[in-house]
Amino acid sequence: MPRQPKYCLHKSTNQAFVRVNGKQIYLGPYDSPESREAYDREILHWRRIHDTTGKHSTTVGQLCLAFQQHADQFYVDENGKPTGEANNFRKSLKLLISMFRTVYCSEFGPVKLKAVRSELEKVHVRTQVNKSISRLKSVFRWGVENEMVPAEIVMALDCVKGLQKGRCDAKESEPILPVPDDDFAASLTCMTKKVSTICQLLVLTGARVSEVRRMRVGDIDTSGEVWLLRPGSHKNAWRGKDRTIFIGPKGQALLMPFIADAVQSHIFVFRPREENEPYTLRGLESSIRKACKRAKVGHWGPGRLRHNAATTINSEFGDIDASRVVLGHSEKSTTQIYAERDLQKAAEIILKVG
1 MPRQPKYCLH KSTNQAFVRV NGKQIYLGPY DSPESREAYD REILHWRRIH DTTGKHSTTV
61 GQLCLAFQQH ADQFYVDENG KPTGEANNFR KSLKLLISMF RTVYCSEFGP VKLKAVRSEL
121 EKVHVRTQVN KSISRLKSVF RWGVENEMVP AEIVMALDCV KGLQKGRCDA KESEPILPVP
181 DDDFAASLTC MTKKVSTICQ LLVLTGARVS EVRRMRVGDI DTSGEVWLLR PGSHKNAWRG
241 KDRTIFIGPK GQALLMPFIA DAVQSHIFVF RPREENEPYT LRGLESSIRK ACKRAKVGHW
301 GPGRLRHNAA TTINSEFGDI DASRVVLGHS EKSTTQIYAE RDLQKAAEII LKVG
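In the working numbering, the protein residues as written are 1 to 354.
Incorrect hints may have been included.
[What the hints assert, rightly or not] List time: in silico DMTMM-like cross-link candidates among lysine to aspartate or glutamate, alpha-carbon distance up to 25 angstroms:
hint : residue 1 : residue 2
1    : Lys94     : Glu121
2    : Lys250    : Glu225
3    : Lys293    : Asp182
4    : Lys112    : Glu152
5    : Lys171    : Glu85
6    : Lys122    : Glu174
7    : Lys290    : Glu174
8    : Lys112    : Asp158
9    : Lys131    : Glu174
10   : Lys94     : Asp169
11   : Lys114    : Asp169
12   : Lys91     : Asp72
13   : Lys193    : Glu285
14   : Lys193    : Asp219
15   : Lys250    : Asp261
Don't read these hints as lab results, they were simulated from the structure.
Please build the complete structure, drawing on both the sequences and the hints.
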């Protein structure tokens with residue numbers, strides 16, 4: 001294979017460039033992240049043309065670039081927009097790239113992966129570190145699938161175990177507690193009608209934040225005593241699991257003004273503007289943060305309201321299984337995190353509390 005083109009400096013302009021097949025390609029300001037990424041992109045294309053072995057000469061930076069392009073197309077919702085998982089991969093890859101961008105994948109082993117893990121331990125809690133390392137392993141696994149990484153590398157990386165509680169330097173995550181009732185009530189008075197309704201529905205239904213903020217008119221079945229919300233996309237859709245959220249009388253009363261005049265099923269119920277676009281998570285969190293500040297109460301995030309729902313159900317029925325069927329968990333152990341598939345039972349519960 002020909003010698004790999006070098007990353008060069010054009011002194012008079014302080015621009016980075018690479019010369020490929022006699023053509024000088026400018027990449028951006030010298031030694032800037034964007035120029036390094038552009039270089040990796042050009043070299044990846046160059047290797048695909050000149051390298052007959054591929055999998056043994058791909059660098060970590062090139063692998064990450066190729067995978068991120070794949071992730072942005074693969075991890076999308078029903079409208080083709082990237083989901084949060086694509087961004088999660090981007091965050092996990094950032095440190096790997098900064099530490100080992102020029103290392104060949106064939107030379108990346110458990111010791112280097114543990115070095116990345118050690119850096120993550122300094123700034124993230126244990127569970128987040130384990131999730132990031134798991135994502136990095138999946139990137140190399142994808143590389144094997146696409147003949148960019150030798151198979152034995154993934155086998156070696158899989159030997160790196162997750163951090164165990166009490167046996168590492170990473171901090172433990174703080175338990176997520178329900179929003180105090182007084183703080184919740186006070187902040188509701190300082191919210192817009194739409195944001196207030198979203199927050200109240202989260203408490204009344206036990207739904208996930210994404211399931212309520214992305215609710216469409218056509219997702220709601222209003223034919224029964226208890227309404228049924230079947231989200232077009234949800235956390236476990238990729239596993240082939242169905243998701244049904246039950247809406248009782250209180251939730252129905254809150255929703256009615258927003259869906260009474262709707263004639264098109266694809267319309268989002270809660271839209272910050274006239275365009276048919278739902279609230280983004282960042283936009284919703286920003287609105288809640290401002291409301292908390294005006295109400296002079298401690299800041300809370302919308303994800304905590306699912307814990308309020310679980311606690312209310314558990315207190316009302318004294319049964320963790322009641323929380324499980326409403327929240328949509330497969331295992332009781334998952335529900336215990338919140339509260340500390342019986343659809344009929346879930347409907348009966350929501351009829352009383354939601």
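A quick look at each hint next to the structure:
no.: 1; hint: Lys94 / Glu121; result: holds (15 angstroms)
no.: 2; hint: Lys250 / Glu225; result: holds (12 angstroms)
no.: 3; hint: Lys293 / Asp182; result: holds (14 angstroms)
no.: 4; hint: Lys112 / Glu152; result: holds (15 angstroms)
no.: 5; hint: Lys171 / Glu85; result: holds (23 angstroms)
no.: 6; hint: Lys122 / Glu174; result: holds (16 angstroms)
no.: 7; hint: Lys290 / Glu174; result: holds (24 angstroms)
no.: 8; hint: Lys112 / Asp158; result: holds (13 angstroms)
no.: 9; hint: Lys131 / Glu174; result: holds (17 angstroms)
no.: 10; hint: Lys94 / Asp169; result: holds (21 angstroms)
no.: 11; hint: Lys114 / Asp169; result: holds (13 angstroms)
no.: 12; hint: Lys91 / Asp72; result: holds (13 angstroms)
no.: 13; hint: Lys193 / Glu285; result: holds (15 angstroms)
no.: 14; hint: Lys193 / Asp219; result: holds (21 angstroms)
no.: 15; hint: Lys250 / Asp261; result: holds (19 angstroms)
Hint violations for this structure: none, all hints satisfied.
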